[in-house]
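Number of protein chains: 6
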Amino acid sequence: MKVNGGVCKDPKAVTADDFFFSGLHKAGNTSNPVGSRVSAVNVVQIPGLNTLGISLARVDYAPRGINPPHTHPRATEILTVLEGTLLVGFVTSNTENRLFTKVLQKGDVFVFPIGLIHFQQNIGYGHAVAIAALSSQNPGVITIANAVFGSNPDIPTDVLAKAFQTHKPIIAGIQAKF
Amino acid sequence: MKVNGGVCKDPKAVTADDFFFSGLHKAGNTSNPVGSRVSAVNVVQIPGLNTLGISLARVDYAPRGINPPHTHPRATEILTVLEGTLLVGFVTSNTENRLFTKVLQKGDVFVFPIGLIHFQQNIGYGHAVAIAALSSQNPGVITIANAVFGSNPDIPTDVLAKAFQTHKPIIAGIQAKF
Amino acid sequence: MKVNGGVCKDPKAVTADDFFFSGLHKAGNTSNPVGSRVSAVNVVQIPGLNTLGISLARVDYAPRGINPPHTHPRATEILTVLEGTLLVGFVTSNTENRLFTKVLQKGDVFVFPIGLIHFQQNIGYGHAVAIAALSSQNPGVITIANAVFGSNPDIPTDVLAKAFQTHKPIIAGIQAKF
Amino acid sequence: MKVNGGVCKDPKAVTADDFFFSGLHKAGNTSNPVGSRVSAVNVVQIPGLNTLGISLARVDYAPRGINPPHTHPRATEILTVLEGTLLVGFVTSNTENRLFTKVLQKGDVFVFPIGLIHFQQNIGYGHAVAIAALSSQNPGVITIANAVFGSNPDIPTDVLAKAFQTHKPIIAGIQAKF
Amino acid sequence: MKVNGGVCKDPKAVTADDFFFSGLHKAGNTSNPVGSRVSAVNVVQIPGLNTLGISLARVDYAPRGINPPHTHPRATEILTVLEGTLLVGFVTSNTENRLFTKVLQKGDVFVFPIGLIHFQQNIGYGHAVAIAALSSQNPGVITIANAVFGSNPDIPTDVLAKAFQTHKPIIAGIQAKF
Amino acid sequence: MKVNGGVCKDPKAVTADDFFFSGLHKAGNTSNPVGSRVSAVNVVQIPGLNTLGISLARVDYAPRGINPPHTHPRATEILTVLEGTLLVGFVTSNTENRLFTKVLQKGDVFVFPIGLIHFQQNIGYGHAVAIAALSSQNPGVITIANAVFGSNPDIPTDVLAKAFQTHKPIIAGIQAKF
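Protein chains in written order, with full-length UniProt numbering: chain A, 1 to 178; chain B, 1 to 178; chain C, 1 to 178; chain D, 1 to 178; chain E, 1 to 178; chain F, 1 to 178.
No wet-lab data here; the hints were simulated from the structure. Just so it is clear, CB atoms sit at the ideal spot from N, CA and C, and this is done for glycine as well. There may be inaccurate statements among the hints.
Which chain D residues stay away from chain C? Per the calculated CB distances, all over 12 Å, these [as the list claims (entries may be wrong)]:
1) Pro11
2) Ile54
3) Glu77
4) His127
5) Leu134
6) Pro156
7) Lys168
Dumping the calculated PhoX-like pairs for lysine-lysine here, alpha-carbon to alpha-carbon at most 25 Å [claimed, not checked]:
8) E:Lys9 <-> C:Lys9
9) F:Lys102 <-> E:Lys12
10) C:Lys168 <-> B:Lys177
11) D:Lys106 <-> C:Lys106
12) E:Lys168 <-> D:Lys102
13) E:Lys106 <-> F:Lys102
14) D:Lys168 <-> C:Lys106
15) E:Lys26 <-> F:Lys12
16) A:Lys177 <-> A:Lys106
17) B:Lys102 <-> C:Lys9
18) E:Lys106 <-> E:Lys26
19) B:Lys168 <-> C:Lys168
20) F:Lys12 <-> A:Lys177
21) F:Lys26 <-> F:Lys106
22) B:Lys26 <-> B:Lys106
23) C:Lys106 <-> C:Lys177
24) A:Lys26 <-> B:Lys177
25) D:Lys168 <-> D:Lys106
26) E:Lys102 <-> D:Lys168
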């Protein structure tokens, strides 16, 4: 049997482990250019989440690390800071493009509405940790820089130069990093 | 303007605070008969969650404390243990009534599918803390004991005696506690 | 082909019998501890109901029989009394736990909203019969007593003793009946 | 407060009567050209059905009476015969236009999938009665003859003559009856 | 893998052609009794539309040609006139059966709400062309005349005679054309 | 009455004009930095679209003009080329970031799945025109360059420099254009 495109186990063979994941207390490796790491816990890690419309992620941030601007095409996110200090923000759609930002401390909660571009930055001196809950078992992530400048193959340079109102060599320079 | 039965602010008057909540790092008071406390963060606390289909709760457990059997009529729950050791479980529907249980440690995650009766028990020596994410901005909670034995007014004692296949004085004794 | 987890027949092989069920005029056997019988007509009995979001049940009640407190995790129920006199009720969620009750006669209709605990009791002198329509092709039933006191394996007795604020022997006595 | 376009009562003012309707045991008056009567019990009659996605109707049929071809734009229907003998049918969409029919006796159940044209005819010697459940609190009814030949104002006669591949006087004759 | 009843290609094997259709600029053949032709572009023509909830159609109309009264059981339609002059209309449900009509010129747009009976007629001197967008990847079409008078097998003539309040020979005459 | 946050007219006061829009045949003004113009026809222009889940837009492109990379958070788009030659593309989500592209001619149709970043570029010698249908009455548009580099206030320059792996003066230079 398959539901929602995923394989359903025989109900008699389902066990508690199909609803279980272990390890969200472990810090993710933030040794990368953006200085953050997202550890996802969704229907890939927990098959029993299929059709249930929710998932989690742990985010670790090195000092000055960022979770770069991205969207979740299928989920709203509600983020709780466990440690550290984060500057967070999201931008509304056209024609306003308003930026809503907030500095979050331990125990603070912030909502990023479905489909909007958002980011977090660790503005404290130490590491920061947050737990994000997402309103989909398979929320998807579109990291803007990777999708726009690092797609495979590249979006034509002249399209991006006109879109970002800059010169092709600058676009090509950014594309070369992804 | 109202959406989903809730009042919508004028978009120009919305601020980042409409998507923000502070205080989830504070321990709840567990001095009560069940030895646990649920601190909810839903559309009542964060108006910007309206229509977005997700919410949170922090649960504190005294040693041996329980979050008694309950259902969320509008949400699946995904629970992450931040501290302590919990025995958790949910029961499937008729005619199986299978109990799925698991002992959770720090960093463990468990899913309680929408509508099913579930519980947690602190089986460690110290306090325990968990963060629960729920797939509704207004998930609702039906605590079985309170709804069945503590409704206002009472469900007739003879109905409950027959339902639980016991004697009326036993039912009346339980009702008297709620 | 499969839709919604169920097997789809080849459309050319579908017949009117795939949308048909016979026998809802037959009284169910109420010789059991609760004195009632639910005869379900859902996607199991009528394959053509798949994806269509509705199903039925006939409920027979012996004198003083009850349909014990239960929930449908995926459906609202609208019940019509065909014969007899029923006391019916449902309980709202926390923190109100209000009981709404009504005595129903032949031709009366009552609604039990999705996810809420509800029951019926035959308070007349003869048999009673009702037709229930449910807003799901597969509504599910969680009979509270069976799920809480009769799960397989048992919910730990100390969890239930604390939840129902009573002594373990009383819990164990109820568990022994299921 | 309003939800789904309907006025919400103050929750404290809600009573069991908001979930209740009386009178579905009474026969409808079938003294009309089609020889049937539909008595609807939906969100108009039971305000508490709002957002709950289900409703009912009782249908009475005089001998040879019909419930003429119609669709429910927002609901699947599941019909139970309480008395009498009905010929029922529905027609699939283009390009098959297959007619599925069945003769139903007391206790028989039949499903009319959402949006499809369907009808019932009393082919027995006495009155017939059925209960229909519908998967919407406000299912809507489009009676084909009334919508096509009895709209206000009329659909142009030449449009209908071409659609039904007949002459304008025949169309005009049918329009004159509605 | 299958989603929504359709076969899912291996994601690695998906190409841009799975989201592509060619030929909507070609006029359809209107040499038929109603003088119109609908060229559909839905999930059958574009497999990548599966689960995405939208589709298109091109409609060509000979002079005086009609797109006869029909419903889409799963879609609202929004129609744009590219060439010519169309009289369009839809009829509301019981008990109003109001006809809303409008004469459309090139560049005009009109909406036919989900499930309602609607039609278009070319009232200009030349050919007319429109693009219709529909809110389902598989909207379905029920052409009223074909479903009611041309089903396979026929709806009984006496049912239709009573429904349309006319004589059986008139019904039989219409049935003979389909 | 309000439904979906929008004001509902009294049904008796609704007219055909509530479902009508005029002017989609008029070319939009493309004298702007990107060389394109989107003329939207959604629930703002046609109040009768409320709750119906579909809308339109006309897009005009000057030679070499682009509709820059953007997402619709609430809609899939299906685009039909009426005139000219377009290079179109969309990028999948992490971790693939695959670019699907196609050159479209008159009469060609292409699908941009909900939430994904997509663009069009006029690669012909003359103007180009397309009609886009969207699976929401209020699809929303997030133009990536405007949201990321032109928000009000700006996203901190150091966040963007790290996200795009470039130097702050380059970021500041792009921000200055928006």
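We went through each hint and held it up to the structure:
1. With a closest Cβ-Cβ approach of about 8 Å to chain C, Pro11 of chain D is found to fall inside the 12 Å limit, against its non-interface label.
2. The beta carbon of Ile54 of chain D is not kept farther than 12 Å from every beta carbon of chain C, the shortest such distance being approximately 4 Å.
3. The Cβ of Glu77 of chain D sits about 8 Å from the closest Cβ of chain C, inside the 12 Å cut-off, so the non-interface label is violated.
4. A cut-off of 12 Å between C-beta atoms confirms that His127 of chain D is not in contact with chain C; the least separation is 16 Å.
5. For Leu134 of chain D, the shortest C-beta to C-beta distance to chain C comes to about 7 Å, within the 12 Å cut-off, and the non-interface label is violated.
6. Every CB of chain C is more than 12 Å from the CB of Pro156 of chain D (nearest about 36 Å), matching its label as outside the interface.
7. In this structure Lys168 of chain D is separated from chain C by more than 12 Å, as the shortest Cβ-Cβ distance comes to about 37 Å.
8. For the proposed pair Lys9 of chain E and Lys9 of chain C, the alpha carbon gap of about 22 Å is at most 25 Å, so the pair holds.
9. Distance restraint check for Lys102 of chain F and Lys12 of chain E: the Cα-Cα separation of roughly 17 Å lies within the 25 Å cut-off, and the hinted pair is therefore satisfied.
10. Our distance criterion of 25 Å between C-alpha atoms is met by Lys168 of chain C and Lys177 of chain B, whose separation comes to about 15 Å.
11. Simply put, Lys106 of chain D and Lys106 of chain C have alpha-carbon atoms about 18 Å apart, close enough for the 25 Å limit, and the pair holds.
12. Using a Cα cut-off of 25 Å, the hinted pair Lys168 of chain E and Lys102 of chain D holds, with the two alpha carbons roughly 22 Å apart.
13. For the proposed pair Lys106 of chain E and Lys102 of chain F, the alpha carbon gap of about 29 Å is over 25 Å, so the pair is violated.
14. This hinted pair does not check out: Lys168 of chain D and Lys106 of chain C have alpha carbons roughly 50 Å apart, beyond 25 Å.
15. Under the criterion of a C-alpha separation no larger than 25 Å, the hint pairing Lys26 of chain E with Lys12 of chain F is inconsistent with the structure, at around 41 Å.
16. Under the criterion of a C-alpha separation no larger than 25 Å, the hint pairing Lys177 of chain A with Lys106 of chain A is inconsistent with the structure, at around 34 Å.
17. Between Lys102 of chain B and Lys9 of chain C the CA atoms are separated by roughly 39 Å; this puts the pair beyond 25 Å, and the hint is violated.
18. Straight-line distance between C-alpha atoms of Lys106 of chain E and Lys26 of chain E comes to about 18 Å, which keeps the hinted pair within the 25 Å bound.
19. Annotation: proposed proximity of Lys168 of chain B to Lys168 of chain C holds, straight-line Cα distance about 18 Å (limit 25 Å).
20. Taking the CA atoms of Lys12 of chain F and Lys177 of chain A, the gap is about 61 Å. The hint is violated against a cut of 25 Å.
21. As the CA atoms of Lys26 of chain F and Lys106 of chain F are separated by approximately 18 Å, the hinted pair is consistent with the 25 Å bound.
22. Note on Lys26 of chain B and Lys106 of chain B: the hinted pairing holds, with a Cα-Cα distance of about 18 Å set against a maximum of 25 Å.
23. Simply put, Lys106 of chain C and Lys177 of chain C have alpha-carbon atoms about 34 Å apart, too far for the 25 Å limit, and the pair is violated.
24. At roughly 43 Å between alpha-carbon atoms, Lys26 of chain A and Lys177 of chain B are farther apart than 25 Å, so this suggested pair is violated.
25. As the CA atoms of Lys168 of chain D and Lys106 of chain D are separated by approximately 43 Å, the hinted pair breaks the 25 Å bound.
26. Of the pairs offered as hints, the one joining Lys102 of chain E and Lys168 of chain D holds, with about 22 Å between alpha carbons and a cut-off of 25 Å not exceeded.
Checked against the numbered hints listed earlier, the structure breaks hints 1, 2, 3, 5, 13, 14, 15, 16, 17, 20, 23, 24, 25; every other hint is satisfied.
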